[in-house]
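S.K.: Sequences and hints are given; from them, build the entire structure.
Protein chains: 2
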Amino acid sequence: MLRIVAITGMPGAGKSTAAQALVKRGWTRVVMGDVIRAETKRRGLEPDAKNTGEVMKLLRKEKGESAVADLCLESITKLKAVKVVVDGIRSMAEVEAFRKEAAVLLVAVDASPERRFELLKERGRKDDPLTHEMFVERDRRELGVGIGKAIALADETVSNQHATAGRLAAEITHVVEQWDKHVAG
Amino acid sequence: MLRIVAITGMPGAGKSTAAQALVKRGWTRVVMGDVIRAETKRRGLEPDAKNTGEVMKLLRKEKGESAVADLCLESITKLKAVKVVVDGIRSMAEVEAFRKEAAVLLVAVDASPERRFELLKERGRKDDPLTHEMFVERDRRELGVGIGKAIALADETVSNQHATAGRLAAEITHVVEQWDKHVAG
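Protein chains in written order, with our numbering: chain A, 3 to 187; chain B, 3 to 187.
Simulated from the structure, these hints should not be mistaken for lab results.
A portion of the hints provided could be inaccurate.
Each pair may be met inside one copy or between any two copies, as identical chains are not told apart.
[As the list claims (entries may be wrong)] Lysine-lysine pairs mimicking BS3-like chemistry, simulated, CA-CA at most 30 Å apart:
| no. | residue 1 | residue 2 |
| --- | --- | --- |
| 1 | Lys59 | Lys26 |
| 2 | Lys123 | Lys102 |
| 3 | Lys82 | Lys52 |
| 4 | Lys52 | Lys63 |
| 5 | Lys123 | Lys183 |
| 6 | Lys26 | Lys85 |
| 7 | Lys183 | Lys52 |
| 8 | Lys128 | Lys183 |
| 9 | Lys59 | Lys43 |
| 10 | Lys52 | Lys85 |
| 11 | Lys26 | Lys63 |
| 12 | Lys65 | Lys85 |
| 13 | Lys123 | Lys52 |
| 14 | Lys59 | Lys183 |
| 15 | Lys63 | Lys43 |
| 16 | Lys123 | Lys80 |
| 17 | Lys128 | Lys85 |
| 18 | Lys59 | Lys80 |
M.R.: If you want it as structure tokens, here you go:
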């Protein structure tokens, strides 16, 4: 049976660090943001924060609120993976799309706005905010899509407020492997 | 200087258990739900889930989104307390009202929907949901007020998914006392 660990969390909270820890334990990682960035490029646009945000909105408008999740499910089918970690859940509509096809554990990775801004400055990915205003605006956009509800309704919450990358990795691995043992029977 | 630990979290997540732990460490507890329940009674209504929900909506409509926080601030002034734990934050508008008057640490207490439903069944307070439908409806109402955003933007997150009451108490006490040491200088 297909098992999906669906990872949500605000920008910079540490979702990818958590997902990478699971990759080391044999899980296949699918990044929702990559799907959006690929689609942004496909439409001839630079995949910066503004454009990816607009393409995300367009995709939802054209194909419904679970549009990005549906594209991910297509990738998962092609990969023939049975243990998948999906990095970057933004709404309960996406979680519900996954729940139709798999056993799903929804995990929220949390950190304070201050810490997330620091972590994003360290990361410096192309679509990461450069100023505090851009950071607040990106938070607002994510919250507008309903990420707060996904975080509030998570099955598990892992705090990255005071954790080292190693400790965050250990914690999510523990939580996921306990669940997987239970689900795989 | 007034310090407020503002506790948010979905119904049944363990907010009161966390707040009570701080009371044992000398913090004064103010319960936002009590303010709403008192107001519900004052209007001649039974303080059950439906009526308290409606009075909460009315209060916000009449006095703005931070109405309940403003009533709490009045109580806090009367109490002359300097270390206050406010139990039951439902929106960022409330947090911002507190931030105008105090140093605020916003703490989210999290647990999965399944665990929260179990914990609420054990508690059985008058306004607690009796059926799963009522539980889902109450979640929806809280999310409608914007509690998901407050949870997503918390300064600290404490998971009550696998914790005993004692462990939850120890964790929130640690987090709050570290912050308080820092703020009180």
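S.K.: Going through the earlier hints one by one, which of them does the structure break, listed in rising order?
M.R.: 1, 3, 7, 8, 10, 11, 14 and 16
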